[in-house]
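Undergrad: Each chain, written out:
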Amino acid sequence: MDLVFMIIYAVCLMLLLLGAVTYAILFERKVIGYMQIRIGPNRHGPWGMLQTIADVSKLLMKEDVIPKAADRPIFILAPVIAFVPSFAIYATISWSENIYAADLNIGVLYFIGISSITTLGVVMGGWASNNKYSLMGAMRSVAQVISYEIPLVLSIVGVVILAGSLNFREIVFYQESIGLWLIIPQFLGFIVYMIAAIAELNRSPFDLPEAESELVSGYHTEYSGFRYAFFMLAEYTYAIAISALATTLFLGGWLGPAFLPGVVWFLLKMCVFMFIWFWLRATLPRARVDHLMGFGWKVLIPLALLNIVITSIIKVWMG
Amino acid sequence: MDLALYYENYTYVVIFLLLGVALPVVALWFGRLVRPKNPYEEKLVTYESGIKPTGDAQVRFHVAYYIVALEFIIFDVETVFLYPWAVTLDQLGWAGLNAMLIFIFVLGLGLAYSWKKKVLEWN
Chain B
1 MDLVFMIIYA VCLMLLLLGA VTYAILFERK VIGYMQIRIG PNRHGPWGML QTIADVSKLL
61 MKEDVIPKAA DRPIFILAPV IAFVPSFAIY ATISWSENIY AADLNIGVLY FIGISSITTL
121 GVVMGGWASN NKYSLMGAMR SVAQVISYEI PLVLSIVGVV ILAGSLNFRE IVFYQESIGL
181 WLIIPQFLGF IVYMIAAIAE LNRSPFDLPE AESELVSGYH TEYSGFRYAF FMLAEYTYAI
241 AISALATTLF LGGWLGPAFL PGVVWFLLKM CVFMFIWFWL RATLPRARVD HLMGFGWKVL
301 IPLALLNIVI TSIIKVWMG
Chain G
1 MDLALYYENY TYVVIFLLLG VALPVVALWF GRLVRPKNPY EEKLVTYESG IKPTGDAQVR
61 FHVAYYIVAL EFIIFDVETV FLYPWAVTLD QLGWAGLNAM LIFIFVLGLG LAYSWKKKVL
121 EWN
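Quick mapping for you: the protein sequence lines, in order, are chains B and G. Heads up, the first sequence is in our numbering, so the first residue is 1 and it goes up one at a time. Heads up, the second sequence is in our numbering, so the first residue is 1 and it goes up one at a time.
If you are wondering where the hints come from, they were derived from the structure by calculation, not from laboratory data. Do not rely on the hints blindly, as some may be mistaken.
[Said to hold, decoys possible] Taking beta-carbon pairs under 10 Å as the criterion, some of the chain B residues facing chain G (in silico):
| # | residue |
| --- | --- |
| 1 | Y23 |
| 2 | G48 |
| 3 | L50 |
| 4 | V84 |
| 5 | I89 |
| 6 | N130 |
| 7 | E149 |
| 8 | V157 |
| 9 | G164 |
| 10 | W279 |
| 11 | R281 |
[To be verified] The list that follows gives simulated cross-link-like pairs (lysine to any residue, SDA-like), each with its CA atoms no further than 20 Å apart:
| # | chain 1 | residue 1 | chain 2 | residue 2 |
| --- | --- | --- | --- | --- |
| 12 | B | K68 | G | Y65 |
| 13 | B | K315 | G | L92 |
| 14 | G | K117 | G | V68 |
| 15 | B | K315 | B | I184 |
| 16 | G | K118 | G | K52 |
| 17 | B | K62 | G | V25 |
| 18 | G | K52 | B | E214 |
| 19 | B | K315 | G | K43 |
| 20 | G | K118 | B | I184 |
| 21 | B | K298 | G | L92 |
| 22 | G | K43 | B | L292 |
Quick caveat, the model's predicted, so the values are computed rather than measured. We put the CB at the ideal spot given by N, CA and C, even for glycine.
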């Protein structure tokens with residue numbers, strides 16, 4: 001009985017997530033469209049509501065081309081390896097006080113650990129394609145993601161020090177008990193988290209692994225049809241997960257005035273983060289690769305360490 | 001936390017992992033029913049801006065990537081030490097704080113050294 005309920009929860013979450021990704025893509029295209037004084041997609045359904053569904057069905061009906069020079073088993077495995085971790089991290093996210101699945105007491109570690117496996121899928125895809133653009137895109141992606149993983153992980157330590165727990169729910173309960181969202185005492189950590197998160201997501205202005213003006217399309221150049229769709233799906237599910245993590249850690253999760261239920265507050269805060277990713281994409285030009293790497297190591301890591309030192313001293317001082 | 005709850009939580013994790021594998025498998029299998037299949041020699045050539053691909057792409061790459069990977073491992077191991085410390089800082093008090101500050105200071109020295117040695121420059 002319990003197991004049935006668990007499976008139903010997971011399947012429902014997956015369906016909701018697929019819907020969320022569908023409309024996140026539409027939202028992105030609309031937002032960027034209006035920012036560039038265009039209308040964006042408006043042909044399929046009212047307000048372009050069916051555009052992404054049309055795109056996905058087209059991808060489903062595309063021929064599945066695997067180049068002869070490619071390393072076939074790894075080529076096939078790569079999109080799956082990229083997608084599975086980005087979905088598995090949803091097991092720990094607590095959507096409201098009552099809606100949650102796995103209440104892990106090492107939630108933060110689980111999230112970080114599992115999500116970094118996605119990189120492996122990217123390297124496998126780039127290497128197995130046996131294509132020069134793919135390999136360069138994949139190598140850049142790895143260098144970038146491992147460089148920005150450290151500031152991302154270090155910026156969360158500040159939150160963990162204050163809350164004294166790695167459990168997502170307890171971190172939110174802590175924010176409830178002090179009556180303050182952690183974005184205020186952890187503002188430096190929040191800034192480092194946001195910048196590192198954009199680089200982790202390979203999103204503009206740090207989308208060098210997919211820089212279409214130099215690398216065609218980066219690690220998924222050789223992918224077509226639904227295999228390509230799974231790389232894209234992994235990217236967007238991960239973007240939503242990173243927004244959910246930011247909401248839990250810095251914006252008080254489901255906390256908010258009582259006239260709306262907690263889960264609505266959670267989703268609204270997530271939308272704010274999604275909007276910020278799209279907004280930055282429409283605003284900033286792409287960074288140069290040496291600037292990008294230098295910025296991570298020389299600015300973000302020292303700042304993140306400084307944040308840890310300050311937070312821990314204050315925490316011990318106050319008792 | 002009691003053991004039953006512990007198992008329940010990790011059952012969720014396993015279900016999510018299995019479901020994550022199932023979606024691509026089902027979707028690609030379903031796609032096989034509706035998509036065309038017409039491969040021929042030219043279609044299966046690796047893409048290289050429209051010309052015939054020269055040589056193999058699976059080559060050795062620049063040493064800078066290995067150095068970044070080494071730096072990453074050093075700092076990643078550091079975070080492994082930081083997390084348990086951060087959770088228990090309440091009980092550790094000043095002694096724990098001082099120990100970790102020395103640790104971070106030594107690590108900062110290492111970062112400054114690699115900075116000076118131009119390891120962090122990307123060419």
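Undergrad: Each hint: holds or not?
TA: Hint check results:
1. Y23: Violated, about 18 Å.
2. G48: violated, 24 Å
3. L50: Nearest chain G Cβ about 19 Å off; hint violated.
4. V84: Cβ of V84 (chain B) sits 4 Å from chain G, so the hint holds.
5. I89: Where the cut-off is 10 Å and the nearest Cβ of chain G is about 8 Å from I89 (chain B), the hint holds.
6. N130: Since the shortest Cβ distance to chain G is 5 Å, the answer is holds.
7. E149: holds, 7 Å
8. V157: Hint on V157 (chain B): holds, closest Cβ of chain G at ~5 Å, below 10 Å.
9. G164: Holds: closest Cβ of chain G sits about 5 Å from G164 (chain B), inside 10 Å.
10. W279: With Cβ-Cβ at 28 Å, over 10 Å, it is violated.
11. R281: violated, 23 Å
12. B:K68 - G:Y65: At roughly 28 Å apart (the allowed maximum being 20 Å), Y65 (chain G) and K68 (chain B) break the hint.
13. B:K315 - G:L92: Roughly 11 Å separates the two Cα atoms, so the pair holds.
14. G:K117 - G:V68: It holds: about 13 Å lies between the C-alpha atoms, which stays within 20 Å.
15. B:K315 - B:I184: At roughly 15 Å apart (the allowed maximum being 20 Å), I184 (chain B) and K315 (chain B) satisfy the hint.
16. G:K118 - G:K52: violated, 39 Å
17. B:K62 - G:V25: Holds: K62 (chain B) and V25 (chain G) sit about 17 Å apart, inside 20 Å.
18. G:K52 - B:E214: Distance of about 19 Å is within 20 Å: holds.
19. B:K315 - G:K43: Violated, because 62 Å separates the two Cα atoms, which is more than 20 Å.
20. G:K118 - B:I184: violated, 36 Å
21. B:K298 - G:L92: Roughly 30 Å separates the two Cα atoms, so the pair is violated.
22. G:K43 - B:L292: Violated, at about 36 Å.
Comparing the model with each numbered hint stated earlier shows that hints 1, 2, 3, 10, 11, 12, 16, 19, 20, 21, 22 do not hold.
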